[in-house]
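A.B. asks: Each chain, letter by letter, is given below.
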Amino acid sequence: MGNLLVNYGEAAAMILFVIGFSNLLLHKNLIKKIIGLNIMDSAIYLFLAEKGYIAGRTVPIVVDGVQSVEAYINPIPAGLVLTGIVVSVSVSALMLSLTIRLYRRYHTLDLDEISTLLKKEGV
Amino acid sequence: MDLVQNFPFFSIMLSMFSGIVSPVLPPAAAKWVNRAAVTVIGALSLVLLLYLLGTGESYVFMMGHFPAPWGNEIRAGVLEAGMALFFCIIMLLSLLGGNHKLLTEVAGEKQSLYYILVNLLLSSLLALVYTNDIFTAYVFVEINTITACGLIMIRETGRTIEAAVRYMIMSLLGSGMLLLGLCILYDLTGHLLMSNMREQVAILAQSGEYHMPLLVTIALISVGLSIKSALFPFHAWLPDAYGYSTVSSAAILSSLVSKGYIFLLIKLIYRVFGFQVFHDSKIVNVLFLFGLMGMIFGSLSAIWENDIRRMIAFSSVAQIGYIFMGIGMGTQAAMTASLFHVMSHAATKSLLFISAAGLTDASGGSKKFADLTGAGYRDVEAGIAFTVGALSMVGLPLFSGFISKLLFAQAAVQNTGKLLPALIVLGISTVLNAIYFMKTVIRIYTPVGDEVRSRPASGGRALYVAALMGFIVLNLLLGVNSQPIVDMIGQGLGMFA
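One line per chain: the protein sequences are R and Y, in this order.
The C-terminal residue of the first sequence carries number 127 in our numbering, and the numbering is unbroken.
The C-terminal residue of the second sequence carries number 900 in our numbering, and the numbering is unbroken.
None of these hints come from the bench; they were simulated from the model.
Cβ atoms here follow ideal geometry from the backbone N, Cα and C, with glycine treated the same way.
Check before you lean on any hint, since a few could be wrong.
When the alpha-carbon atoms are kept at most 20 Å apart in a straight line, the in silico DMTMM-like pairs for lysine to aspartate or glutamate are as follows [stated by the list, open to error]:
#1 K124(R) - D710(Y)
#2 K55(R) - E612(Y)
#3 K770(Y) - E708(Y)
#4 K123(R) - E784(Y)
#5 K770(Y) - E784(Y)
#6 K124(R) - E708(Y)
#7 K36(R) - E125(R)
#8 K770(Y) - E125(R)
#9 K55(R) - E14(R)
#10 K36(R) - E117(R)
#11 K842(Y) - E784(Y)
#12 K55(R) - D590(Y)
#13 K771(Y) - E508(Y)
#14 K513(Y) - E460(Y)
#15 K771(Y) - E125(R)
#16 K124(R) - E559(Y)
#17 K685(Y) - E612(Y)
#18 K124(R) - E14(R)
#19 K55(R) - E74(R)
#20 K123(R) - E708(Y)
#21 K123(R) - E559(Y)
#22 K771(Y) - D710(Y)
#23 K842(Y) - D710(Y)
If you want a taste of the chain R side facing chain Y, the calculated C-beta under 7 Å gives, among others [said to hold, decoys possible]:
#24 L29
#25 K55
#26 R109
The whole structure should be built from the sequences, with the hints applied where relevant.
C.D. replies: This is how it looks when you write it as C-alpha cells:
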C-alpha cells in the first residue's frame, strides 16, 4: 500500500490504461473506441515518463561543466515516449479514416449495427 | 566484417525503399519493382543462410556506430535467415497466384498503392525477424499492423472495411499490452537490447527480486502477441478479414503476418526471458490451454461454415492453436515442432487460399459450397492444388502437415504432464480437419453432368498455375525432405540461447 502511494503516478497510469483498454474493447461506438485507444496509449506514455524522471535531477545537457551522472536523468524514456506518440497518432488517424468510410456507407457509428446491416446486405 | 553480414540490413532497406518509390510508378512498374525486390531479398537471405550454416554461429550487426548497451542492433542466425528466405518465397508465390484477382478486384490507380503496402509489410516482417532491440520490434509491429489493415481494405467493400476495423481494434489491444509489457521490462532491466535484457532478467529471476512484475511482463507480452496472431479466444476478426479481402492479401495475412508475431514471441522467449524463466512462469499453461481450445473450436467453426474462404480462415484458427500448443508445452522439441508448423502452415494455407480462388472463379464467383459442386473438373489445376493443401492440412504422409503433427506428437511424449491432453486434442482435431477438408474435396469432385472446362483464357493463367505448382513443390519439399529443415531449426534455436 505504501508503494502505491509513493508511486502514485504509475498507479494512475495503470488505472488509466485499464480504463482505455476496456473502452477500446467494450464500447460499440467507434469514436468512443478511438478515444479509449488514445487514453490507453497515453497511459503508457505517462508510465514511461513517470518512470524516466528522477526527482531533483535535470535534463541531460551539460551546463557549467557538471559531468556527474548523478545530476542528470536518462533521456531514452522521453525518446521512447516521442516515438510512441508518433505511432499512436498514425494508428488513430487510420482508425478515424476507417470510421469515416464506414459512416458514409452505413450512416451509423455503432459497430454491431454495421454488422447487422452487412448481414442483411448478404454477399 | 564480411560483406554478407550486411545482408539483413540491405534486405530491410531494399524492401522499404521499393515501397517508397512504388507510389510514383505506374501500377505495372510497381509490380515488377516489388517482384524484383522480393526475389533479390530472397536471394540475399539464401546467401546469408548458407554463410551462417558455414560459420555455424550467429552475429550481431551494429546499426549506426554506437556500441552495445546504447546503439541499435540487428542479429542474424540460421533461424532468422531461414525465416526471411521462407517469407520471401511465400510472399512471391502468393502475389503471383493472386495477381489476376488483384487486377479485377482492386481499382486501377490503387494497384501501385497495393505494392507499397506489400513492400512495407515485407520490410516490417524482416525487421521483426532480425532486430535485437525491443522498441524497434514494437515500432515494426505497429507498421506491420497498419500495412495488414491496408491489405485487408484495399478491395473496398463494406465487408472489408468492417473487417479492417475489427482487425485494428483487436490488434491495437494487443499492441497496447505488448507496449506496456515492454515498458515495464525496460523499467526492470534498464536495457532495450535483447542480449543485455537477458542478463538482467537472469539476475532478477535468480534473486527472486521483482518476481511479480516479471510475471506480469511475461503475461502482457505473451497475451499481447497472441491476440495479434489470432489465438483462439481473440480470433473474432479473422474470418471476415481473410474471407473477403483480395486473395493475395488473405494468403499473405494468414501465412506471414500472424507468423511474424509468433516468431517475435519465440524470439523474446529465448532471447529476453530465457527459456527456463518463461517455462517457470505459469503463462505457458495458459497458452497451452488456449492452443488446445483453438484447435477444437476453430475446426468446429470451420465445419459449420458454408463459405469456402471463411472455412479456410477458421482452419487457420485451429492451426494457430497447434503452434501455441507447441509453445505451451514448454520443451525444446515442442518449440521446434511449432516453428516447423509455422512454415508448414504458411506453405499450406496460402496454397489453399490461392487454389480456392480458382475454384470459386470456375463456379461463377460464388464461394458457397452448393455452387462449388464439380469445380475440380472445371478448373483442374486449382482442384489438384486444393486437394494437396487439404491432404497436407489433414496430415497425410508425404505432405508437410504430416511432419508437423508427427513432431508435435513426439514432443508431447517427452512432456508427461501434458501428454494426454495434447495427444487427445491432436487426435480430435485431426478428425475434425479431415471432416471439413474431405467434405470440400468430395464436393469439388462430385460430377454435376455438364463438366465444361471454363478456364479463364486470360494471360494470367500461366502465372497462376505456376504459383500453384510452386506451392505444391514447397509443400512436398517440407514433407519429404523435413529432416534437414528440422535440424536447421534446432541449430537456429541453439543460436538463440
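A.B. asks: For every hint, state whether the structure bears it out.
C.D. replies: Quick rundown of the hints versus the structure:
no.	hint	in the structure
1	K124(R) - D710(Y)	holds, 16 Å
2	K55(R) - E612(Y)	holds, 18 Å
3	K770(Y) - E708(Y)	holds, 11 Å
4	K123(R) - E784(Y)	violated, 33 Å
5	K770(Y) - E784(Y)	holds, 18 Å
6	K124(R) - E708(Y)	holds, 18 Å
7	K36(R) - E125(R)	violated, 26 Å
8	K770(Y) - E125(R)	holds, 16 Å
9	K55(R) - E14(R)	holds, 8 Å
10	K36(R) - E117(R)	holds, 15 Å
11	K842(Y) - E784(Y)	holds, 19 Å
12	K55(R) - D590(Y)	holds, 7 Å
13	K771(Y) - E508(Y)	holds, 19 Å
14	K513(Y) - E460(Y)	violated, 44 Å
15	K771(Y) - E125(R)	holds, 16 Å
16	K124(R) - E559(Y)	holds, 18 Å
17	K685(Y) - E612(Y)	holds, 17 Å
18	K124(R) - E14(R)	violated, 47 Å
19	K55(R) - E74(R)	holds, 16 Å
20	K123(R) - E708(Y)	holds, 15 Å
21	K123(R) - E559(Y)	holds, 17 Å
22	K771(Y) - D710(Y)	holds, 5 Å
23	K842(Y) - D710(Y)	holds, 13 Å
24	L29	holds, 6 Å
25	K55	holds, 5 Å
26	R109	holds, 5 Å
Hint compliance for this structure: hints 4, 7, 14, 18 are not met, and every other hint is.
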